[in-house]
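J.: Sequence:
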Amino acid sequence: MAAIESLDQLRALYGAPHGRAVAKQLDRLDRHCRSFIALSPFLILATQGADGLGDATPRGDHPGFVSVPDDHTLIIPDRPGNRRLDSLSNIVERPGVGVLFLIPGVDETLRVNGTAVIDDDLALREAHRVEDNLPATVLVVSVKEAYLQCAKALMRSKLWSDETKIERSRLPSMGEMLKDHTRSQETPETQEAMLARYRGALY
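Heads up: the sequence shown begins at 1 in UniProt numbering, then just goes up one per residue.
Just so you know, the hints here were simulated from the structure itself, not pulled from any lab data. All C-beta atoms, glycine included, are put in the ideal place defined by N, C-alpha and C. Hints may be right or wrong, so weigh each one.
Lysine-lysine pairs mimicking DSSO-like chemistry, simulated, CA-CA at most 27 Å apart [unchecked claim]:
(1) K179 / K24
(2) K24 / K144
(3) K144 / K165
(4) K152 / K24
(5) K152 / K165
Pair by pair, the computed Cβ-Cβ distance ranges are [what the hints assert, rightly or not]:
(6) Y203 / I44: 38 to 48 Å
(7) T115 / A3: 27 to 37 Å
(8) K152 / Q191: 26 to 36 Å
(9) Y14 / E93: 30 to 40 Å
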């Protein structure tokens, strides 16, 4: 096995991208991007820390939970999580982000790249309130690139197909896995108890 160490080596293996793959890249969010985001209940946020390590984290809520105030801006509310703040800490140090939007049942995805700032402006937070739940901050993304990703990866994986769904019982419970990862001596939480606790604390 030989490591690829230059862009020339890489291009020699793969060749040049086809014209449409390059031409589809936008520097803004058009009506198709806006429609995609409005229907999306789930995204993956990619960041990079000062140590050079990348991080990808899921974000989910009702469809359209990410707002688009103009063609060059996304606003992503930060819902309560585990308080590790991996993504937000990375953004403080390096503002570049990548966002991948998914829509259940749709094999295409939307990729958006840009820079982000963390904002605690009350008006922005209020605009993303859900009932009594006010986000602590919002992520304001300045869009630099946007493009639709073709369906091939999701088609290969059959991600949305009933025939490929895995029974949760194929894996140990989250509590059992966390017990091993943390070397805890406590009795692990059951999957049912964990899900009930999550449902009571989604916001």
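J.: None of the hints should be skipped; say for each whether it holds.
T.: Hints, one by one, checked against the model:
1. K179 / K24: With a Cα-Cα distance of about 46 Å, the restraint between K179 and K24 is violated, given a limit of 27 Å.
2. K24 / K144: holds, 14 Å
3. K144 / K165: Since the Cα atoms of K144 and K165 sit roughly 36 Å apart, the hinted pair is violated (cutoff 27 Å).
4. K152 / K24: holds, 16 Å
5. K152 / K165: Within the cut-off at roughly 18 Å; holds.
6. Y203 / I44: 38 to 48 Å: The hint (38 to 48 Å, Cβ to Cβ) is violated, given that Y203 and I44 are roughly 20 Å apart.
7. T115 / A3: 27 to 37 Å: holds, 31 Å
8. K152 / Q191: 26 to 36 Å: Given a distance of about 33 Å, which is inside 26 to 36 Å, the answer is holds.
9. Y14 / E93: 30 to 40 Å: Given about 32 Å between the Cβ atoms, the range holds.
Hint violations for this structure: numbers 1, 3, 6, all remaining hints satisfied.
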